[in-house]
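The lines below spell out each chain.
Protein chains: 2
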Amino acid sequence: MGKSLTFQEAILRLNQFWADRGCLIWQPYNVQVGAGTMNPATVLRVLGPEPWNVAYVEPSVRPADGRYGENPNRWQQWYQYQVILKPDPGNPQEIYLDSLEALGINRRQHDIRFVEDNWESPALGAWGLGWEVWLDGQEITQFTYFQQAGGFALDPVAVEITYGLERVMLPLQDVRGFTEIEWLDGLTYGDVFLKSEIEHCIYNFEQADVGRLTQLYSLYEAEAENALERGLVIPAHDYVLKCSHTFNVLDARGAIGVTERARYFARMRELARAVAEAFVKQREEMGFPLLAREQRSRGAEEQGSKGAEPLRPCSLAALLLEIGTEELPAGDLDSAIAQLEERAPKLLAEARLEHGRIRVTGTPRRLVVYVEDLAPRQRDEERLVKGPPAKVAFDQEGRPTKAAQGFAKSQGVAVESLEVRDLDGGQYVVAIRVEKGRSAAEVLVTLLPDLIAGLRFPLSMRWNDTNVAFSRPIRWLVALLGDTTIPFEYAGVNSGRTSRGLRPLRSPEIVIQRAEDYFALMEANSIVVDVEKRRQMIRQQADKLAAEVGGQIPDDPALLDEVTNLVECPTALLGSFDPEYLKLPPEVLITVMKKHQRYFPVARQRGTESTRQQGQRRLVDSELIDLLPYFIAVCNGDDHHLDIVRHGNEEVLRARFADADFFYQADTKKTLEEFLPRLDTLTFQEQLGSVLDKTRRLEQSVPRLSAMLGLSEAETATAMRAAHLCKTDLATQMVVELTSLQGEMGREYALRSGEEPAVAQAIFEHYLPRFAGDELPETRPGIVVGLADRLDSLVGLFAVDLKPSGSADPYGLRRAALGIVQVLAGAGISFDLREGLREAAALLPVAADDKAQTETLAFIVQRLRVWLLDQAFRYDLVDAVLAERGHDPCLAYQTVQEFVPWVECDDWMNLLNAYGRCVRIVRGFETEFELRPGQFVEPSTRRLYQAYVSCREQLGPQSSIDQLFTAFKPMVEPINTFFDDVLVMAEDRSLRENRLALLQRIAALTRGIVDLTRVEGF
Amino acid sequence: MGKSLTFQEAILRLNQFWADRGCLIWQPYNVQVGAGTMNPATVLRVLGPEPWNVAYVEPSVRPADGRYGENPNRWQQWYQYQVILKPDPGNPQEIYLDSLEALGINRRQHDIRFVEDNWESPALGAWGLGWEVWLDGQEITQFTYFQQAGGFALDPVAVEITYGLERVMLPLQDVRGFTEIEWLDGLTYGDVFLKSEIEHCIYNFEQADVGRLTQLYSLYEAEAENALERGLVIPAHDYVLKCSHTFNVLDARGAIGVTERARYFARMRELARAVAEAFVKQREEMGFPLLAREQRSRGAEEQGSKGAEPLRPCSLAALLLEIGTEELPAGDLDSAIAQLEERAPKLLAEARLEHGRIRVTGTPRRLVVYVEDLAPRQRDEERLVKGPPAKVAFDQEGRPTKAAQGFAKSQGVAVESLEVRDLDGGQYVVAIRVEKGRSAAEVLVTLLPDLIAGLRFPLSMRWNDTNVAFSRPIRWLVALLGDTTIPFEYAGVNSGRTSRGLRPLRSPEIVIQRAEDYFALMEANSIVVDVEKRRQMIRQQADKLAAEVGGQIPDDPALLDEVTNLVECPTALLGSFDPEYLKLPPEVLITVMKKHQRYFPVARQRGTESTRQQGQRRLVDSELIDLLPYFIAVCNGDDHHLDIVRHGNEEVLRARFADADFFYQADTKKTLEEFLPRLDTLTFQEQLGSVLDKTRRLEQSVPRLSAMLGLSEAETATAMRAAHLCKTDLATQMVVELTSLQGEMGREYALRSGEEPAVAQAIFEHYLPRFAGDELPETRPGIVVGLADRLDSLVGLFAVDLKPSGSADPYGLRRAALGIVQVLAGAGISFDLREGLREAAALLPVAADDKAQTETLAFIVQRLRVWLLDQAFRYDLVDAVLAERGHDPCLAYQTVQEFVPWVECDDWMNLLNAYGRCVRIVRGFETEFELRPGQFVEPSTRRLYQAYVSCREQLGPQSSIDQLFTAFKPMVEPINTFFDDVLVMAEDRSLRENRLALLQRIAALTRGIVDLTRVEGF
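Which chain is which? The protein sequence lines are A and B, in order. Take 72 as the starting number for the first sequence in our numbering and just add one per residue. Take 72 as the starting number for the second sequence in our numbering and just add one per residue.
So that you can see chain A by itself, here it is in the shape it has in the complex:
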């Protein structure tokens, strides 16, 4: 390696690189912006149909990110290098990788990865899909396909590449922080900028005058509107940028309260949209001048040209479909495989193509459908076409009439071949048409694109002028039946026989002669197509590396799944970090390794216990984790230059840990309680106030809930203190940065602040359970605070009409409701949700009427139902119980459990039928009749009444099922006798109504316990 580039050389190199590729080299904007995206060269020029290719440096100012220059790679001002390619040139990732090589970053020597990362700026009305690009674990670039900006769908879509220049320089110069980057020979980035970085931090965090900045914001806004009145796009945009920067400073200064924040965002969004609209209008009025200027040739033809007639294999052959994509998100890869597994056989069946085993698999860059032994042709098919009635089709002599002849002709069959069949309750003439199966190749020409088009993703994107939507851009299509290509075009790509190899090898072309060669060829090219095989490789490699340092990998299937979906050729490496960092809470270290870096943490092996058992420990439970100062990263590619990659990853982790340490040190300078006032600046929901407002409500509701749940005085005091502090960690830097650590940091910081351990535990527990399979709270204060929190959220958000709809559940209400269910049922705590919701509703700043409470309850009961069904209870039993006891999950759960043995008894149906006879006959009557026991005359009636009285005396609304049925069972015989002996519906009204009154009472015996009418067999 020669001498690496200086910072300024790198910029010059990038300018030259992108200029050589036809980009306009623009200059940084002369208004402070948070990102190069805000420069009009991006945010405006991506709008409309005109082509636009531009590259520029942009100093990006993000006041809240300031660390007084103390963090190695996080500053409030830093340099982006921004590229916009519009339209998509077809291979932007490869061009980008070439640009890295121009900087001296060889893709063969580094682990360069495209890791799913989507971008959204509600303030700009903009979003896009793409990746973070990782260089040996360091995020160095944001790569986004812009889908929308200023509220406009982009057509064409623009590719946005945003390099973090300093981040690129760190590994390139092998320095440990921004300050050390060599800007030019003998002068560092720190020499140039450190002092002003510190100054800006002091200004933004401590010195900026809030009143004046607030005025500035309003003046900017007014001038933006003023400029817009004259349709002055750029002057207006400049003021919008000034608004945005001013807001950011105010925010960093901690001066934005709840109401303000939401209003600020709404105001900025509105302005941004107006500017975008004015820009598009302006360009349109100008006739989109750049449109005429550039007519790019696009979509290089692959070898299989569209529309060519395929050869038709005449024997069984394998079918291969490989959809080559840019890096798919891990979740989308799973989902696509599942969908293909379901739809491929279905489509083949519909197409009458017989086949052998279907293998569906994939990597981040390819989805593979491989069908063994596909029939060369469709099965022939007989098709019956119904003609006129037989008596119309044939005359009395049995000769075909004109009607028959016409029908035969219209169907293209001989009139003699018509048959008469019984159809639809009559005799009709039918024509039998045998459809000859078409060749498989012919069928596949439409079937395969249909198969692709049928794939659906939670978020999909467009990228070229076909406006096809997919998870990420499709860049090649291999479609082979045996040795024959199935020619079709999809999303502007022509299918063929050329696949692509590994990125570190420059994605070389791989030409596939026969479908049957595919897997061997991929293996030869080091691509592990099979998901399960990759998973195994990773697991084994990681275990082996961990064992080398006396460690083991705690089991974490989700992480393993994700990592498996991030690579095509997994190679694990063992990295280490400074043991000094082990002083940080292990949750923090693990979160950083897992969430940020997708590293496997390494824990100490324990004695001779089996790895398996160890692995099943919960990662989140700090007391069980004994970390070693190692991690395992999984790279994409072989072990070429693995030392460079390891070193890079170690540096990244060091910086991340340094950041965490910075937060930890900063946070622990204050007590947890001191963070409380800051909660006022965190919005819970606009109408429901800040998180501080919510905390105040919890403080009020917790004592009442404690009383309802029978907590001791000491427990109540603990719960109240916990309620007071439970949200404070949200204002700590650590949780702002690593949200998933909420609760864990609360516990940690509470302990360090000298709170009672019980309080600390309750703070932690109130979030439990956080996800499916998570632990449940164990202390009653924790349960009460969690319950109060969830009830407040649920009824509050229902009251302001923010209940979840479809898949959208931004406030996590499904999880909250399920949490209530799990906690109450799991801890065996009986609790009437109706009362709890009423209490919570009363504390809200908005009206939460009965309807809202009822809806909320129904929503929770629905979660309870799912939870019960998940435990394999019969749905009818569940519904029967929930109808009466849904408001008390614990009780409902117990009830269902007790119910099961009863319905499994042999005489269950007798009991049910007896009860049923009573219920069915009184169903139609809304009136509750007066019971006059003295007037019962028949013995069977009197006997029944006696039985009823005896039963009723044993029961109440809180009775268990066992009590119910035990009490009820003696009534079966009297009921049946009664019905056999007596005509309930006597003509004498008084007599009739008295009998009905008795039956009504019997039917009501189950009330509050179970609704037996919902049980099967009723």
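Just so you know, the hints here were simulated from the structure itself, not pulled from any lab data. Treat the hints with caution; some may be incorrect.
If chains are identical, the list can't say which one is meant, so a pair holds when it fits in one copy or spans any two.
[As the list claims (entries may be wrong)] Below, computed lysine to any residue pairings styled on SDA-like, alpha-carbon distance capped at 25 Å:
id	residue 1	residue 2
1	LYS74	ASP91
2	LYS740	VAL971
3	LYS922	PRO881
4	LYS654	GLY825
5	LYS654	ALA737
6	LYS266	PRO227
7	LYS266	ASP226
8	LYS473	PRO1004
9	LYS740	GLN813
10	LYS266	GLU348
11	LYS473	ARG430
12	LYS352	ILE273
13	LYS352	PHE276
14	LYS266	ALA224
15	LYS266	PHE359
16	LYS665	ASP601
17	LYS740	SER811
18	LYS266	GLY222
19	LYS615	LYS666
Fit chain B to the given chain A structure using the hints.
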């Protein structure tokens, strides 16, 4: 020529060029600035001792310069390329020229010139000296040696190079305006920026909300102060920049009134200084970290090394001193030559070096002193050293005492050689020391640097760590005595024998073997060292070229002098312009050609009149000028590629004329009167109000002055209308742009607005005379308005204590006073300035007391005195007259004129003596004694009294000199008789005082006419 660079390629090229030379490549600032200078990378980093070399692009925003994109090369936003070299690398001009070659601008093919241009920003407390760089007449760069910034003297000095990138591109791409510049292939500057340029103009000129911007300014200012309180330099600086930009928009919007403007400037200056101070303090506290970092080797040694012992020619030889400089301002070149002509012989004489003829001459890049036949050695000198008194030195026997021996020893002479001389009124021993002349070479080693160091310039600069001040940097020194170098060091440069050739030839080294070869060698290298020869060459070439198109060059010695001093090798070229522009007023065309471009205009030849006569016409008098669509430019260098140069100059002139045409069209859309309200935005002086306020005062004073000067009613009406309009042209775009056209445009626009021709003429005339030798006003309304204007300015500015001091006369008060003198005396209008000043003072918004009025009068009288002396009147006569009649220049002038013949009469001294006898005897008495004629007894006294009465009856304070002396002459004899006969100072008090009373009356006869005591011989 290959394909020229695109705009973005040019930037890449410059970045690479300056990076290769060790510059830090910086980025444009993310706050709107008016110039790259405001970027902290310049305005702050030039402060303090640390080295700093930086280069960057800067979008420069100057709202008032906006032309809605209609002007080819003037936009409100454009790109600068800014370079700072600190300290001076020693050859920054050559590096700069190399950078042009890197862009494809070959210095051999173009006329590249360094034209004096000094820079000052009072708002930044900054100034520097340097040049505009012209490329074929187009200003493409500002090149400045920064002397001061933020109120701090810079040490080291920084070299600032500011390219106007678009201006560079115009000739490079051979396009006619910014919009056509190719930014990259197929995309122009106009495609990218035209629309936003127009939008910004609309916003700045029409739409910006004045109230809101005013608030913004105040908020920025407050935040700047807020940041400064914490010593936050960069945050404070950012706000200062925002203040500045906001001010500029307000200014473009026409919203800055008088009081505001001055206050804004004061506020910005104060802030800028505070920021600079904080920055320097900060760097000092940091220990000036960059200082240690870079230790540059500087001052490459020339061949003559310092301190080497010179060879000593032993016969007469020529002495050559060539001071090689960067381009000297034209005026400084003249001044330096004059100073050297005076000081060189003086210094040689003082040094006892005999010599032949001295030739002093020079070009913009060299000052030459050439001395013929310099003696090889100084003359020997006898020096007498005074010793002890003779009687102490010798004993009674005449033998030398110890005192004599000690003295002899101390003087290094034999005691026998002591002599006795009469000295200081006594006899002393003296030693006679013969100082042997040192060799000329030895003497010159200190004499030559002294000669250089003695040069003084109106503005001088420092550039390197010697802190020597000179007009422009000295880059080489040739010092030869015959073939021997005189070694010395001055301003960090070692003298030697190497000169430099022409810039277009890359300033090649020229080694001079013998001083005597110098002129031949220079000629061989195409350098015309002789000023007069260059002047002749230019005159002849220009005349010849003009004649080719039937034209002639109007005589303009000042222009010819200036052009002569701008080139080393003059080559004139004839260019043409679109005859369409001849429709513009010729003053405008001429001003543009002369002032902006230093072109000679070409006028039509008239019949057979001699060119000489034609040439003597005044250029300013439009009625006499009949321009042809040609101009003559004088290039520096030979006629290589003259076509390129011509084309470039034509393009520049076209753009300039287009600009003038734009102004003319814009101005003539309104009547002149409509500009009146805008005068309120032009400050006259803060305390004295706006130009509109001044106009209001003129409108009040003009009727009174008209009455005093006896104007007719019609004339008065004309004068009043002219007063109303006389300043309005200051608000027109043309005059804002070309200030020297004030008055001329006023006349032009007045006529076009339908004003009376007399009014238009008075508007024009009120400025006359504008400079020495300018025409005088011819109409009485013009005179009155001009008088009112000047009186207002003088008494007003004296009242607010802004009288000129030293060489500083920012309001041109000397010229104003002289103008009053010239007009009144020239037109023969008697006018009592005392009354005029009183009238003017009464109208001022400030108090102008008697003292102020008296001072003002004295100031005008002083100008009158100079004016009279310039006309070769005897100073004593002038003073005698001014003592009594200075308040009336016309009367004083007449009086002096009449005075002259009287003093030339033979009997003048008799008259003067007679009068003198009277005056001298009464001088000591302050009391005016009572005259009691009845008590005179002696006949001679009575006769004198009679003579006095007779004389007095003929005289009054308005009497002429002729009247005075004619009346006085008969008194001569009685006076003399009186003194002969009578003892004035009789012992009798009554008698004495009566005699004195008579003499007092006689002495007073001249009062109001002349003060004869000031006449020589009195």
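>> At most 25 Å between CA atoms: does that hold for LYS352 and PHE276 within a copy, between copies, both, or neither?
In response: Intra 40 Å, inter 23 Å, cutoff 25 Å: inter-copy only.
> Is it within, between, both or neither when you check LYS654 against GLY825 at 25 Å Cα-Cα?
Replying inline: Within one copy only: 19 Å inside a chain, 90 Å across chains, cut-off 25 Å.
> Should LYS922 paired with PRO881 be assigned to within, between, both, or neither, using CA atoms and 25 Å as the limit?
Replying inline: within (22 Å within a copy, 83 Å between copies)
> Is it within, between, both or neither when you check LYS615 against LYS666 at 25 Å Cα-Cα?
Replying inline: The answer is within: 23 Å in one copy meets 25 Å, while 84 Å across copies does not.
> Can you tell me if LYS473 and ARG430 fall within 25 Å by alpha carbon in one copy, between copies, both or neither?
Replying inline: neither (54 Å within a copy, 130 Å between copies)
> Between the shortest in-copy and the shortest cross-copy C-alpha distance, which are at most 25 Å for LYS740 and SER811: within, between, both, or neither?
Replying inline: Classified as within; 22 Å inside a copy, 68 Å across copies.
>> As a check of your reading, is LYS665 near ASP601 (CA-CA no more than 25 Å) within one copy, between copies, both or neither?
In response: within (24 Å within a copy, 83 Å between copies)
>> When Cα atoms must be at most 25 Å apart, do LYS654 and ALA737 count as within-copy, between-copy, both, or neither?
In response: Within one copy only: 15 Å inside, 75 Å across.
> When no copy is specified for LYS74 and ASP91, does a C-alpha distance of 25 Å or less occur within a copy, between copies, both, or neither?
Replying inline: For LYS74 and ASP91, the Cα distance is within 25 Å both inside one copy (24 Å) and across copies (16 Å).
>> Cα distance capped at 25 Å. Does LYS266 pair with GLU348 within a copy, between copies, both, or neither?
In response: Only across copies: LYS266 and GLU348 sit 16 Å apart there, 41 Å inside one copy, limit 25 Å.
>> My question is about LYS266 and PHE359: at a cut-off of 25 Å on alpha-carbon distance, are they close within one copy, between copies, both, or neither?
In response: between (45 Å within a copy, 12 Å between copies)
> Taking 25 Å as the upper bound on the Cα-Cα distance, should LYS266 and GLY222 be classified as within, between, both, or neither?
Replying inline: Result: close only across copies, 23 Å inter versus 39 Å intra.
Violation of the numbered hints given earlier is confined to hints 2, 8 and 11; the remaining hints are satisfied by the structure.
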